[in-house]
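**Student:** Spelled out, the chains give:
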Amino acid sequence: MKQKFYAFCASVLTACLGGMNLTASAYTADDVAAKARAAGWPETLIQTGYNQWASGEYTQAQLDDAYNSVSEYNEQTEEFIYNSFGIDPDEARQQVAENEAKKNAESETEPQTETQPASADTAANAETQPETKADKYISDSEFINMSMEQKQEYVSSLPADEKTEFISTLSQEAKNSIIKQLPTEEKAAIMQKYIDTASTMGMNVTVDSITEKDISVTVRNNDGIVIDKAEVGVVIDETGISHTKPLVAAGTGLLVSAAGFGWLYWYIKHTEQDS
Amino acid sequence: MKIAPSSGLEGLVIKENQIETTPVSEIPEEEQKFYDTGEIIRPSFGEQYAVLQCEAISLSVPVYWGSSAELLERGACQASSSVVIGEKGNSVIDANVNTFFADLNKLETGDSITLYTSYGIFEYQVSEKIQFLNTDKKYVLPTEDDRLTLYTCEAQVLGTSDNRTGVTCNLISRKFYNPAEGEAES
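Heads up: the protein sequence lines correspond to chains A and B, in order.
The numbering of the first sequence is our numbering, which starts it at 1 and goes up by one.
The numbering of the second sequence is our numbering, which starts it at 1001 and goes up by one.
There may be inaccurate statements among the hints.
Claimed, not checked - Lysine-lysine pairs mimicking DSSO-like chemistry, simulated, CA-CA at most 30 Å apart:
#, chain 1, residue 1, chain 2, residue 2
1, B, K1088, A, K175
2, A, K151, A, K187
3, A, K133, B, K1015
Hint data in this document are derived by calculation from the structure and do not stem from the laboratory.
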């Protein structure tokens, strides 16, 4: 598992360092924004990306890079999430695609209901309506508040054919809760990919502090102006005297470049051992 | 509008805006031209884009978009991961328990809260008093319904608390100053 993980990271890093115009396409800013929204990127960053793109300083190649980078970010986080629950990511993607195709086919062949008179069959039909997600599974909110072990236990308890359905239909917040509970190596890889992807959208991400519970980042545009601050972790913003002990003093932000993945991983591991 | 670079977080630009806070009831009837939907002016990080007022606890506090130590010293801060006031969903605002939100725990169900922005007036009513651990994100997550969530640290004599206290509020009315395309006056 670890070998596969490192091989994957190496390929991602190579793509980052070697330029990422993997496919020659003509993506628009709207395409990139839609992809980023699907990945759960905050609207603040997407709007900043729009402003940068609208300024006319971006080339088509840069837009394509941004699109590909966001796609890779999606795939990487998805892979880590599925692997956490013992689900093969490729098989899961295939199953999701098949389910979507089946749903689309069913909706196309549904009879027109407006012209059909109400009948005694209607009540019977109502009783055989397919179960909704809420009927079958626990809520996203309950899932979010579980520990990783509890999450894994819950997913393991599901029938084989429902595991993928449950994971693939989680809200972005629920998926984020899994990411935050991933092992350090995987969290660092995702963090690095997040930083690299933001950079393709014209933003610079600095890691301000790393604690056991969260990573605090500041996002700045190319002019150095702060456009967002985010706590990538489990602790809700405090309003009062800070009682966390950041391992890096605020104000000495660490700029982690595409070449910094190894460093970031080493730093997180090193500081976890020290604390 | 005043713009000033922050002396703390590098690159933080703090913008203060003059925002009209005349209650709707005090606006002459002939001047009351509002719309149910309208254009939202998205703020930048560090920009004061609203004023929060609550008569029940004599509160009037500027609201900044984004959160940082410097901004919390100036007013209430809205989580940039929550929706902008007037957008569909959960707008989440917090402030220091030692200063601006010292009396937040005195709010009761039914109390009214008004948010004034440069693009409209938004009125809420407290629906629930809440208390949660700092690791429980239940109240700060996106929602389908339109609501306002206010919270602060639980007050403690020594040190800080892991508990957060606050209120959730239902949206009662939206009054935009300018219409969305095709929208009639409300």
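**Student:** It remains to establish, for every hint, whether it holds in the given structure.
**Tutor:** Checked hints:
1. B:K1088 / A:K175: holds, 22 Å
2. A:K151 / A:K187: holds, 17 Å
3. A:K133 / B:K1015: violated, 44 Å
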